[in-house]
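Q: Single-letter residue listing:
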Amino acid sequence: MNKIVTILDSMDYGPAPEEDGHARAWLKRHGGRFGQFVGGRFTKPGETTFEVRNPADGELLAEVAEADEKDVDAAVKSATSAFRSWSALTGTERARHLYAIARQVQKHARFLAVLETLDNGKPIRETRDIDVPLVARHFYHHAGWAELRDTAFPAHVPAGVCGQIIPWNFPLLMLAWKVAPALAAGCTVVLKSAEHTPLTALAFAEICAEAGLPAGVFNLVNGGGTTGALVAGHPGLAKLAFTGSTEVGRLLRRQTAGTGKKLSLELGGKSPFIVFDTADIDAAVEGVVDAIWFNQGEVCCAGSRAIVQEGIADRFHARLRARMETLRVGSPLDKSTDIGAVVAPVQIASIRARVEAGVAEGATLWQPSWANEDFATATAKGCFFPPSLFTGVSPASALAQEEIFGPVLVSMTFRTPGEAITLANNSRYGLAASIWSQNLDVAFDAARKVKAGVVWINSTNLFDAAVGFGGYKESGFGREGGREGMLEYLVPAWEKKTRALPTAKALAPPVPVYGDAGPDATSALLDRTVKLYVGGRQVRPDSGYSYPVVDPKGRLITEAGWGNRKDIRNAVEAARKADAWSDMTGHARAQVLWFLAENLELRSAEFAARIDRMTGVGAKQAAREVAASVDRIVHYAAWADKYDGRVRAPQSRMLALALPEPFEVIGISCPDEAPLLGFVSLVAPAIAMGNRVVVTPSQHHPLAACDLYQVLDTSDVPDGVVNIVTGDRDQLASVMAKHDDIAACWYVGSVEGSAAVERESAGNLKATWVNHGKARDWYDPAQGQGEAFLFHATRIKSIWTPFGV
Amino acid sequence: MNARTAEPTGASATGLVKIEQPHARVEGVPFQADWFDAVDVNLSAAERRTATLGARRSVKKEWQAAWLVKAIQCIDLTTLAGDDTPGRVERLCAKARHPLRDDLVEALGLTGRRLTTGAVCVYPTMVRTAVKALEGTGIPVASVATGFPAGLTPFAQRLEEIRYAVGEGAQEIDIVITRAHALTGDWQALYDEISLMREACGDAHMKAILATGELKTLTNVYRASMVAMMAGSDFIKTSTGMEGVNATLPVSLVMVRAIRDFLERTGQRVGFKPAGGIRAAKDALAWLILMKEELGRDWLEPDMFRFGASALLSDIERQLEHFVTGRYSSTDRHGMA
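If you read the sequences in order, they're chains Y and R.
Under this note's numbering, the first residue of the first sequence is numbered 8, with each subsequent residue one higher.
Under this note's numbering, the first residue of the second sequence is numbered 3, with each subsequent residue one higher.
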């Protein structure tokens, strides 16, 4: 029968292959072999290479040299030498370079899209319509930040040479997310591409050269985990940015601990996709397609965990199954393909294993009727997996807890909005959430309560260069995109000049003092027992030990509680319970802070005397410290209702809110110096932003903080908002860093203590802010107060809110 | 599409190129507000779906040619203008019988198969002319009625207009609804009105024009669609072609989803007709893709799907000539309607 007649009968789509000749010609021009890109040119590929294959058919596309120590050294050296001139350019000059890159990306848009599809296996529709346009957008946006850097971020300087490690799921887009802000800030870059997908990064290197980017500003090394470890461990880097698995993120956190490198981690997720009974169900079903069947489900922020209101669950699942029937899995280069190839055989094997385990666990697996043996045979040459739906999944199962990173949705049901949030937050991850309801109250309530860095209301997987992206909890820290993303590549100018703190003398052991200068002989007053302050009550330390607090001459002033891990545990529990503080308005918190300042000022003389007695700074300086502390509290009382976040309009009829949210519980280790001002400078911004804190005050001079117990009580600071555990700072800091119910740790102390906090924080990947043994002038407002503290006291939640009738 | 005018079975055996199929009438159901009361359509999501739909599916080469032939078969070739004359209508009918140049038909391998548009659509007073001009072709004549396009003439007159058009030989009646009923939420009144119109149609199939450009919100579009189907419309149709905004993909998406919901609830299959502003072959493909993706293969036949269009055919002819010759075509090379 005639072909047209046959088609008129079947009304099939037929093949619609994207032409790949130009991309192949480019590979051929390079002889199918690539080296590193260092100092503006490609190195000759050496002996050790790895194969790059097309996951759709296993075809060998190229061989790429694996960067060894020498290569990484050369790249860092090149970036270091380029940093001097690059960072010295004016913002406008750097902006022109970024603009040129954006233009080149657009000019080569289809080439890059085809190359990405060949390399990664994602459908051409996505590379063409999503990845590459977002890449260009990212460079345009950051060309603007380059221009505005000094205006928008006064008194900031570029962090320095940056190491950046990107994943294989969005190779070029993740490159753009890393490279654009770094270059805009004035940093230079050593980027490591992903082993499965190095090709578009190599093409990008050429584009940089073509666009006239100065040699050494962008350097590219290729390889797997070994190369990644070399980059991460290189002492010449000031900053490391990583996107990838939580497992590797943890390793990098440990590896970089104590090195002084700034670190941002964008890690895994198991993001909830919440469908309320007030949702537009068809819209939500289509949302699932964009959530978990986008990029084969290999998306860190994929809505992989459907949480559906019980009353509509059957209807929702029925429609979802019907929709799954019309999804097309096949050649990534075909324009009618919805789901392409998974990146590599090893990933397919991992998906299969998890799916099989899920079936074994008793969950119900459903795949479209066409996912039969014919499908398996037809796709046998490549890494293809059909869209899959698990229902009857219990929150406790591995399916619900572990990231599958494939086209597999797990679904569970809820009864009430409260239960939906509980289920949504029942995860170690917190990257993204998608919320479906036509009811504004329901949607916003969920958006505020879900613990995730990105929330999409009635939408999913939307990205924009102006909107920060990054996680809560074990999904990492730091943001990419927007103003908040720029701050990851900048440091306050004073930090570059600061000196090291003197090494503090060791803390005396918690035993009675003997043979020292002895207690003050005139002390005939009733002994004052200094206890810990937990949940608004003064409590004895669990250890039953106290340690001597001595004056500068070594004379005993009194003894302070020797706090231990159980005291920290109790303090965290108390802080957890004080959640009302986080929900209060900024105005209400401001009132408490004003009152606190008022009450502290009333007792200025007493506090000054105490400080002088402990530190011997002299009456005048002690009085100055108290006055500065009062001012500091006032400063944050002022900020409490003004650190508002931002509103962006990344699309028409779309507002993206960038809301600074508290971490909830922050562990704070205070500096030894300036025992009151240091304490107040850290605690006030933290609580002003709605955090509850567990604080170790100055270990040698804890009494200034301990004297605050009564002031806190009389100032209406609710119980559990400030919890104070005295004792050995580094021991207690380590306990806090290891506590998984603390979301962030601030530490001001020694080099070793800083390293330990960073290292131990890897457990739940809490955000850390440490001083690496460096001094900070607490009296200088540029160093001791301001937005930097508020920035560290909050994490940005981006809420995408489309609207329209 | 009307059983009375269905092709003898022999024709469908030769023709995978079908003109029409016997199609069970939509009987409708009693008015039930809870079938649409809770529905609230999200505009952004509907737009996102339709914006990506055309990018998710692509038909090329022979497939594109075949799909465009299918589009021709689904066109209600239309003239609804104040200056319509019998001569103009006859010309339109001639084009409906012979929509594509013979050499192109041959090159496509369709010689000997019937290739006509789905119907011809005219004002009531032109029905008789059209019926005569199409005699023996099996091409049904559709007539607008009920005070088209505004639908604000006295109700008795609107019903009378339907009976008149049917009496003149129209096999399909495109009615317009009282927008005021939808805009004020008087769905029962809308249901009652359409039910009476359906009754007046007798054996003629009824298409309900919702004038979606005047209903404005997608939620209104969904509700009006559901009410029109409950009242027994055989087709629901977007627009008269006279509103400020005519057929759009988001509106169509909502209407075809309503058709699917109605099918799920009643087992009754309702057809869909986007009308107004569909001029390019590419647009036609986008709508066919929408139908296939959201409703399935069955809605790619003229008994379930029509385009209300006049200029569309001319662009399709040019695209098909390009397919056959590899040369970009010009309008003058194809006989006009």
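Keep in mind the hints are simulated off the structure, nothing from the lab.
Please read all numbers here as calculations on a predicted model, not as lab measurements.
Among the clues, some could well be false.
[Said to hold, decoys possible] Keeping only pairs whose Cα atoms sit at most 20 Å apart, straight-line, the calculated DMTMM-like set for lysine to aspartate or glutamate is: (1) K503/Y x E794/Y; (2) K512/Y x E608/Y; (3) K388/Y x D64/Y; (4) K10/Y x D285/R; (5) K62/R x D27/Y; (6) K294/R x D19/Y; (7) K342/Y x D105/R; (8) K284/R x D19/Y; (9) K342/Y x D19/Y; (10) K62/R x E26/Y; (11) K114/Y x D19/Y; (12) K10/Y x D104/R; (13) K10/Y x D105/R; (14) K512/Y x D735/Y; (15) K284/R x D136/Y; (16) K63/R x E26/Y; (17) K342/Y x E295/R; (18) K63/R x D16/Y; (19) K294/R x D16/Y; (20) K503/Y x D784/Y; (21) K627/Y x E608/Y; (22) K294/R x E64/R; (23) K62/R x E580/Y.
[To be verified] Quick list of the computed label-pair ranges, beta carbon to beta carbon: (24) A53/R x D321/Y: 28 to 36 Å; (25) D136/Y x G140/R: 36 to 44 Å; (26) S332/R x A383/Y: 45 to 53 Å; (27) A367/Y x G114/R: 34 to 42 Å; (28) A313/R x L96/Y: 54 to 62 Å; (29) A159/Y x S332/R: 37 to 45 Å.
Just so you know, even glycine gets a beta-carbon here, dropped at the ideal spot from N, CA and C.
Q: Now tell me, hint by hint, if it's right for this structure.
A: Status of each hint after checking the structure:
1. For a cut-off of 20 Å, the pair hint linking K503/Y to E794/Y stands: about 18 Å separates their Cα positions.
2. At most 20 Å may separate the alpha-carbon atoms for a hinted pair to count; K512/Y and E608/Y exceed this at roughly 31 Å.
3. Note on K388/Y and D64/Y: the hinted pairing holds, with a Cα-Cα distance of about 5 Å set against a maximum of 20 Å.
4. Restraint check: the Cα-Cα separation between K10/Y and D285/R comes to about 23 Å, which exceeds 20 Å; the hinted pair is violated.
5. In summary, the hint linking K62/R to D27/Y is supported, as the alpha carbons are separated by about 16 Å, within the 20 Å threshold.
6. Restraint check for K294/R and D19/Y: satisfied, since their Cα atoms lie roughly 9 Å apart, inside the 20 Å limit.
7. Restraint check for K342/Y and D105/R: the C-alpha separation of about 31 Å exceeds 20 Å, so the hint is violated.
8. Of the pairs offered as hints, the one joining K284/R and D19/Y holds, with about 17 Å between alpha carbons and a cut-off of 20 Å not exceeded.
9. Using a Cα cut-off of 20 Å, the hinted pair K342/Y and D19/Y holds, with the two alpha carbons roughly 14 Å apart.
10. Taken as a hint, the K62/R and E26/Y pair is honoured in the structure, with Cα atoms around 13 Å apart against an allowance of 20 Å.
11. Restraint check for K114/Y and D19/Y: not satisfied, since their Cα atoms lie roughly 34 Å apart, outside the 20 Å limit.
12. Of the supplied pair hints, the one linking K10/Y and D104/R holds, its CA atoms being roughly 18 Å apart against a limit of 20 Å.
13. Between the alpha carbons of K10/Y and D105/R the distance comes to roughly 17 Å, so the proposed pair stays at or under 20 Å and holds.
14. About 12 Å separates the Cα atoms of K512/Y and D735/Y, which keeps this hinted pair within 20 Å; it holds.
15. Distance restraint check for K284/R and D136/Y: the Cα-Cα separation of roughly 18 Å lies within the 20 Å cut-off, and the hinted pair is therefore satisfied.
16. With a C-alpha separation of about 14 Å, the suggested pair K63/R and E26/Y falls inside the 20 Å cut-off, and the hint holds.
17. Simply put, K342/Y and E295/R have alpha-carbon atoms about 15 Å apart, close enough for the 20 Å limit, and the pair holds.
18. A threshold of 20 Å between alpha carbons decides the hint, and for K63/R with D16/Y the separation of about 16 Å falls inside it, so the pair holds.
19. Among the hinted pairs, K294/R with D16/Y is consistent with the structure: their alpha-carbon atoms are about 13 Å apart, no more than 20 Å.
20. The hinted pair formed by K503/Y and D784/Y meets the criterion: a straight-line CA distance of about 13 Å does not exceed 20 Å.
21. Pair hint K627/Y plus E608/Y holds up; C-alpha atoms about 15 Å apart against a cutoff of 20 Å.
22. The suggested pairing of K294/R with E64/R holds, with an alpha-carbon distance near 18 Å, which does not exceed 20 Å.
23. For the given pair, K62/R sits about 64 Å from E580/Y by alpha-carbon distance, which is inconsistent with the 20 Å threshold.
24. The given range of 28 to 36 Å is respected by A53/R and D321/Y, whose C-beta atoms sit roughly 30 Å from each other.
25. Taking 36 to 44 Å as the suggested C-beta distance range, the pair D136/Y and G140/R conforms, at roughly 43 Å.
26. A C-beta distance of roughly 49 Å is found between S332/R and A383/Y, which places it inside the suggested range of 45 to 53 Å.
27. Judged by the Cβ atoms, the range 34 to 42 Å given for A367/Y and G114/R is violated: they are separated by roughly 59 Å.
28. In this structure, A313/R and L96/Y meet the distance hint of 54 to 62 Å, their C-beta atoms being roughly 56 Å apart.
29. Checked against the hint of 37 to 45 Å, the C-beta distance between A159/Y and S332/R comes to roughly 55 Å, which is inconsistent with it.
When each numbered hint is compared with the structure, violations occur for hints 2, 4, 7, 11, 23, 27 and 29.
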